[in-house]
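Q: Given next are the chains, with one letter for each unit.
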Amino acid sequence: ARRTNDLASVTMSAAANSAAYWRIAGMSYLKYSNMCAEVVRGCLKEPWLTKAKPREAVYMKHTKWADGKPGTPVITEVIPPETKA
Amino acid sequence: SSSHCLHARPRAPVRVVPSVFVTMALRHTVARFAAFGSVSVTRAFGTSAMRASDLQKESIASFMTAFESVKPSTMDNPSTPSDFLKPLPPVPAQPPAKLTLNFFVPHNVEFSGVEVEQVQVPAFTGDMGVLPGHVPTVVQMRPGVVSVTHSDKEVQKFFVSSGFAFVHADSTTDICAVEAVPVEQLDPEAVKKGLADYTAKLVNAKDDYEKASAQIGIEVCGAMNAALGN
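If you read the sequences in order, they're chains A and B.
The numbering used here numbers the first residue of the first sequence as 1 and each following residue consecutively.
The numbering used here numbers the first residue of the second sequence as 1001 and each following residue consecutively.
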């Protein structure tokens, strides 16, 4: 019997050869899709490259609530590097 | 290299089956009223003689009959989700002359309700051509080129980072991607450099996650290279 019904552990324990390489490595489809988009954005020509910069910034604030009180917020902020090497 | 598989026009498009959940919820509620009358909604789902929407209407009608027999006189009948849904567009007997294309990315609308002749989509299983009258499909796209044919002379190509394409029974095609750029906006030098960088990252990868990230970079840059004709 499985100890946990957590989706991540179920997919990881499924036959590895039936899943895509990114799934096996622990990425969700959303993560894979967003990484592909990042690669594409990095290869644009000039006016569109700067227009794409704001799309790369990610700001998330995650607060766990318990007993009607918020816990400590976790802020995830991804700022694209200033200069693309 | 991808194989060209242009799907032939089918005889009869398959209609997408509406929600099973509505029928299930209604059956559950009807079971509670079953004591008050002889109502049976135990017909096997998917009888070929009836279309799914007729089954649904039947089950709603029999539920309402049972409900009306026990409700207080001042109470209205409950609404069902299908009351609020827009009706599915009728499946045309003949495939329409053109596809209706909706092509969206989160930050932009490339096409909205535009009529085109053909769309070629880079599916995981190979390039797929969509013509009016195509079988309803859900396609997962790999990083590749979506080719929109407005007419014989006018073909627009977009490089798509990944996403999904949906073909509906009335030949409406929805393409959703995270990034879709006209191929002209790609920088060949940046693509070559990216390919080299990610190949180096793959060699130096320390764990599965880094390896997969590098493989994604290689996959997408390779597709961009192919799209640019190298």
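Honestly, the hints are just simulated from the structure, not real lab data.
Treat the hints with care, as some may be off.
Stated by the list, open to error - Distance ranges between label pairs, derived from CB positions: (1) B:E1068 - A:E77: 27 to 35 angstroms; (2) A:Y59 - B:S1082: 14 to 22 angstroms; (3) B:M1075 - A:A19: 48 to 56 angstroms; (4) B:P1096 - A:K51: 47 to 55 angstroms; (5) A:I79 - B:S1112: 12 to 20 angstroms; (6) A:R55 - B:S1069: 52 to 60 angstroms; (7) B:E1154 - A:S28: 32 to 40 angstroms; (8) B:P1182 - A:I79: 42 to 50 angstroms; (9) B:K1057 - A:P80: 20 to 28 angstroms; (10) B:V1155 - A:P80: 41 to 49 angstroms.
Claimed, not checked - Straight line, CA to CA, 30 angstroms or less: simulated DSBU-like cross-link-like pairs of lysine-lysine: (11) B:K1157 - A:K61; (12) B:K1098 - A:K53; (13) B:K1098 - B:K1153; (14) B:K1192 - B:K1211; (15) A:K51 - A:K61; (16) B:K1192 - A:K53; (17) B:K1086 - A:K45; (18) A:K51 - B:K1201; (19) B:K1098 - A:K45; (20) A:K31 - B:K1098; (21) B:K1153 - A:K31; (22) A:K53 - B:K1157; (23) B:K1057 - A:K45.
Here a beta-carbon is modelled for each residue, glycine too, at the ideal position from N, C-alpha and C.
Q: Does the structure break any of the earlier hints, and which numbers would those be?
A: 1, 2, 4, 5, 8, 9, 10, 11, 12, 17, 19, 20, 21, 23
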